[in-house]
Amino acid sequence: MASEVSEVVRVDGVVKDFRPGFGLRVKRVLHGISFDVKRGEIFGFVGPNGAGKTTTLKILMGLIRASDGRAEILGSDVRETDFRKHVGFLPENPYFYDFLTGREILRFYAKLSGVPAASREARVETLLEWVGLADAADARLRTYSKGMLQRTGIAQALVHDPDVIFLDEPMSGLDPIGRMEIRNLILRLRGEGKTVFMNTHILSDVEMLCDRVAVIVHGRIRYEGRIESLASEDGRMSELVVAGIAPDIAQRVEEEMQGELRGHGERIAIRIREKDVGDALQLVLSSGADVLSVTPERAKLEDIFMTAVEADQRDAAGDGAATETGGEAVR
Amino acid sequence: MIFVRIWTLAQNTVREAIRNRLLYTLLFFAIALIGTGVLVSTLSYVESDRILQDVGLAAIRLMSVGIAIFVGVGLIHGEVERRTIYTILSKPVSRVEFLLGKYIGLVLTTWMMLGVMGVAFACVSLATGAPLDSGHLACFFLIGMELVVMVATATLFSAFTTPMLASLFTVGVYLLGHLSRDLRLLGEQSDAGAIKPVVSFLFEVLPDLESFNVTIAAVHQLPIPTGEVLWATAYGLGYATLLLFLASYLFARRDFR
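So the protein sequences, as listed, match chains A and B.
In terms of the working numbering, the first sequence opens at residue 650 and continues consecutively.
In terms of the working numbering, the second sequence opens at residue 27 and continues consecutively.
Everything labelled a hint here was simulated from the structure, so no lab data went into it.
Glycine included, C-beta positions come from ideal geometry on N, C-alpha and C.
Please note that a few of the clues may not be correct.
With the Cβ distance kept under 8 Å, some of the chain B side facing chain A (calculated, not the full set) [stated by the list, open to error]:
(1) Arg31
(2) Arg45
(3) Leu48
(4) Arg108
(5) Thr110
(6) Leu115
(7) Lys117
(8) Thr252
(9) Glu254
(10) Phe282
(11) Arg283
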């Protein structure tokens, strides 16, 4: 069975050429990219605007055809359609038939996805509840806000209980609460054993959610690796901001936990290894000081991202320097 | 499952039309045009029934084809432009199924409109005492078959070009389709050697839409042979199938950027 394949997505040497206008000139937007996504992981596909993220996703969704190479989902060529009953897709800024209501559009997608008639209504109601649209289910989509449309998009992507879900910029245009809801939803999907492919340029989302990441710049994969491995190289760092800390406690944090202290007076920032955060908090709080914030540092992916972009710029400039970012795989 | 998906898409296309106020406006104009037949017929002392029905059937034919072209040319383009096609093709729906679903939906929509106009025509005819018989039924049936061909034509052009160009092409096919017999005659009578093969080619390629026009026979209560109706039906279905094959071929190769 196709859904038993361990590599849920496999992209092998995919090239995409476009012909702008009617001329013979060809513009290559994907230069033989390769990567794979394993079962049950959240995979972040990261890149600046115009890097080729959406083109890649459209090839995977069968919306455009690769000029060369091969792309597979659940062991099936993406040009086929039958395997798509195991696939969910949320496009960027999704559009739907706005003459339908929320309930009607989910019924429509459930029918197209082959959800059996016996369980269709129950599934639609469950999804409406799940994404918080039950109260607006009978309103036409033209009256929905952007956040509600995004949630409708999520619901249609999940209406047939797919094994693998593709999300194109899922946080796009959402307010902080909406973003948090989508993040929780993605984590919930992973908890259910689903595979999630997430296209985004928001690095903080990737670091928070993803198990593995690929960085694409100008149609070339510049990095592919696990998120944890990024942090394990140096150990993640966090920053604690505390108020009213006694000098002797501050000194203990500095000496015993190799904390780096910044600032003076009432408010002090302490940069510390993430593994020591618990001990430091205990020490600071027990001394009667206040902890104002704890912020994990997530600069590593940003560093890799910037290195990838710079490598691309060097290549474009023709110095031919090898791309080296210290990750698992750089192409 | 294939038929369920095609039918689901067709139903949705019909629902979109039913909820589109613009189509009701067009329908209102069509019924108003049928009504004007009553006024026009009063201008003549003779054959007022025929004038009434001539005007009515011409209005029905024009408005039906108008609606078919108006909606048909944006049938696929609108889905791509609004990006509604993205989520549909990400489901287990092939492009051919999508195209057929949209096509069948629009044919059903135009037939529904034709049905409403037919009822209006019958009401006006009965109210004025104009005769109604099986010839009128055949006439409406063949207008329906003409719509099968015209919706397929609009779908074909919509599958690969913009609504503006698709409108021009479809209207062009409609006009030439009604002139194709005259074109063939022109070719046969022409002395210029180059014209004959060109005109003959156009006659072979373009739909012979006059096959579906039995208005004169219906209005004048002349017999309409069943064989003629059957032949026109087979011709219409065959021609539409060929157009849909071509549309599917082109649509399957499109990139939705």
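Evaluation of the provided hints:
With its C-beta approaching chain A no nearer than about 6 Å, Arg31 (chain B) sits inside the 8 Å limit, and its interface hint holds. A cut of 8 Å between beta carbons decides the hint on Arg45 (chain B): the least distance to chain A is about 4 Å, and the hint holds. The closest approach between the C-beta of Leu48 (chain B) and any C-beta of chain A is roughly 12 Å, which is over the 8 Å cut-off, so the hint fails. About 5 Å separates the beta-carbon of Arg108 (chain B) from the nearest beta-carbon of chain A, less than 8 Å, and the hint is met.
Interface hint status for Thr110 (chain B): upheld, as the beta-carbon distance to the closest one in chain A is roughly 6 Å, under 8 Å. For the restraint placing Leu115 (chain B) at the interface with chain A, the shortest Cβ-Cβ distance is roughly 6 Å, inside the 8 Å limit, so the hint holds. Checking Lys117 (chain B) against chain A: minimum C-beta separation of about 4 Å stays under 8 Å; hint holds. Nearest Cβ of chain A to the Cβ of Thr252 (chain B): about 39 Å, over the 8 Å cut. The hint is violated.
Because the beta carbon of Glu254 (chain B) sits about 40 Å from the nearest beta carbon in chain A, more than 8 Å, this interface hint is broken. A distance limit of 8 Å between C-beta atoms decides the matter here; for Phe282 (chain B) the minimum to chain A is near 4 Å, and the interface restraint holds. Checking Arg283 (chain B) against chain A: minimum C-beta separation of about 6 Å stays under 8 Å; hint holds.
In this structure, the hints that do not hold are numbers 3, 8, 9, in rising order.
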